[in-house]
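Number of protein chains: 2
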Amino acid sequence: MLRSFTADTAVEDAGAGRYRAAIVPGWDVHGNANGGYLLGIAARAMGRACGRPDPVTISAHYLNPGRAGAIEVDTRVVKAGKRFATVTASMRGADERPVIEVLGTFGDLAAGPASPTIMEASPPELPPHTECVPHLPGGGAPGVMANVELLLHPDDAGFRQGRPSGVPRVRGWFRLGDGAPLDTLSLLLAVDAFPPTVFNTRLPIGWVPTVELTVHVRARPAPGWARAVFTSRFLDGGFIEEDGEIWDAGGRMVAQSRQLALIPRAG
Amino acid sequence: MLRSFTADTAVEDAGAGRYRAAIVPGWDVHGNANGGYLLGIAARAMGRACGRPDPVTISAHYLNPGRAGAIEVDTRVVKAGKRFATVTASMRGADERPVIEVLGTFGDLAAGPASPTIMEASPPELPPHTECVPHLPGGGAPGVMANVELLLHPDDAGFRQGRPSGVPRVRGWFRLGDGAPLDTLSLLLAVDAFPPTVFNTRLPIGWVPTVELTVHVRARPAPGWARAVFTSRFLDGGFIEEDGEIWDAGGRMVAQSRQLALIPRAG
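Protein sequences appear in the order of chains A and B. The working numbering numbers the first residue of the first sequence as 701 and each following residue consecutively. The working numbering numbers the first residue of the second sequence as 701 and each following residue consecutively.
There could be a bad hint or two in this list.
Since copy identity is lost for identical chains, a pair holds within one copy or between any two.
Claimed, not checked - Okay, derived cross-link-like pairs now, EDC-like style, lysine to aspartate or glutamate, Cα gap no bigger than 20 Å in a straight line:
hint	residue 1	residue 2
1	K779	E796
2	K779	E820
3	K782	D808
4	K779	D795
5	K779	D808
6	K782	E825
7	K782	E796
8	K779	E825
9	K779	E712
10	K779	D883
11	K782	E849
12	K782	D878
These are calculated hints, taken from the structure and not from any lab test.
One chain only, chain A, in its complex shape (with noise of 0.2 Å):
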């Protein structure tokens, strides 16, 4: 039975500002809910919070791991402007412990101004789905990867097979298990839900936490399968930075995010 990506993100007002929800299982990696994941939580709550549904811009700062069970999020409207409201919202487990700290800027979406429109990209470009490699679990629990669907681009897919391009980048398909079409709070679990970039490299590297991570959405995503590319140009310093983009059915580019990772020191 898949999961539903809107009814594992609900959350219900508790009053002066606080939400209740919970981290369900399902959207996990060995245990730990995904990154995105919990963005779409806080980010639900803080739409919520202001009546503005759509995060166009909103950076996440990863404290504790997100474990399945109840949390609250206390959310803050700082300012309710005319086309945007500023939120902030702290994400906190049943034993206090803070596990994302949030603060986005939300509009509405669905009618964009009439403005000029300047592309200097296009979306990645994929073989057909029959020819991507789905981007399945290694091994025990299967998490967030059961429910979603992500075909990678054959040349970034090696480093399943121990062969990485050595190019940091991974490229794919992408789309919610259950069928549901992507929306603006989805658009904030396809951005974190790709294999690491740093995979694609030869550097012995099999797990970069997550510090921030900033989306910005510039429209509503049209229904059917996009396309994701990431990419990462300095791994430098202990960080590494992964710059994403994802493009709709319609070669929209919707989602555009960066986020700092750590890079374990080695040995």
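With chain A held as given, fit chain B onto it using these hints.
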């Protein structure tokens, strides 16, 4: 008399996480404080609050213009770990209006961990200083441009005479006007001091207000002239992202920035 960034971002501890400071004239554009300068004040308060000097990743949302005068910055340490501390900051003017809301993770970048290094980019190639174009204020009070030295790549400076390059890119040399070496706080100014990339498009846009600015600081900069490059790829839906890199005099990429800015509606 050139102003000191360090002196003009000073904060005074008022207890309980509150810091008093002032927005000082001379870091403004037409009376509104530069966004990087405002972030510098907030970051100094945040670093003080958590006892870590360096902003590793910091995001600011811009709420109201910063006018010269007294301000307060309320900070909250969300988590203080072994290596990093995560802190929020709310800056308010004397009229109680919110100016910026900030979320950041701080650490000590004096000794970076031994880690592998991969660079998929090089510092921007710039002609010698004497062949670059000083970016001086166009008229009226000089503001921030009087207190920084900014030399534009001649290929990117034509917009000043109504001849934009057609490429949404701006490159140049940067240092503080008073000759003080850059540090991890003045890097926050550097990433917001250059003219907008959109000035090099052929669109009639004279103003691109920042919604949000995120900066990753990778290392403490070496003294001397820094090189900077700013590019944009997606102008769509009334928004544009501007990606920046600051490279220090030693050729290290010390700060990576991305901002989301509004493209004012035509007409």
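Okay, the hints, checked on the actual structure:
no., hint, in the structure
1, K779 <-> E796, "between (27 Å within a copy, 12 Å between copies)"
2, K779 <-> E820, "neither (33 Å within a copy, 39 Å between copies)"
3, K782 <-> D808, "within (11 Å within a copy, 40 Å between copies)"
4, K779 <-> D795, "between (30 Å within a copy, 14 Å between copies)"
5, K779 <-> D808, "within (15 Å within a copy, 32 Å between copies)"
6, K782 <-> E825, "neither (39 Å within a copy, 43 Å between copies)"
7, K782 <-> E796, "between (35 Å within a copy, 19 Å between copies)"
8, K779 <-> E825, "neither (40 Å within a copy, 42 Å between copies)"
9, K779 <-> E712, "neither (22 Å within a copy, 25 Å between copies)"
10, K779 <-> D883, "neither (24 Å within a copy, 31 Å between copies)"
11, K782 <-> E849, "neither (38 Å within a copy, 37 Å between copies)"
12, K782 <-> D878, "neither (36 Å within a copy, 40 Å between copies)"
Of the numbered hints stated above, those contradicted by the structure are hints 2, 6, 8, 9, 10, 11 and 12, listed in ascending order.
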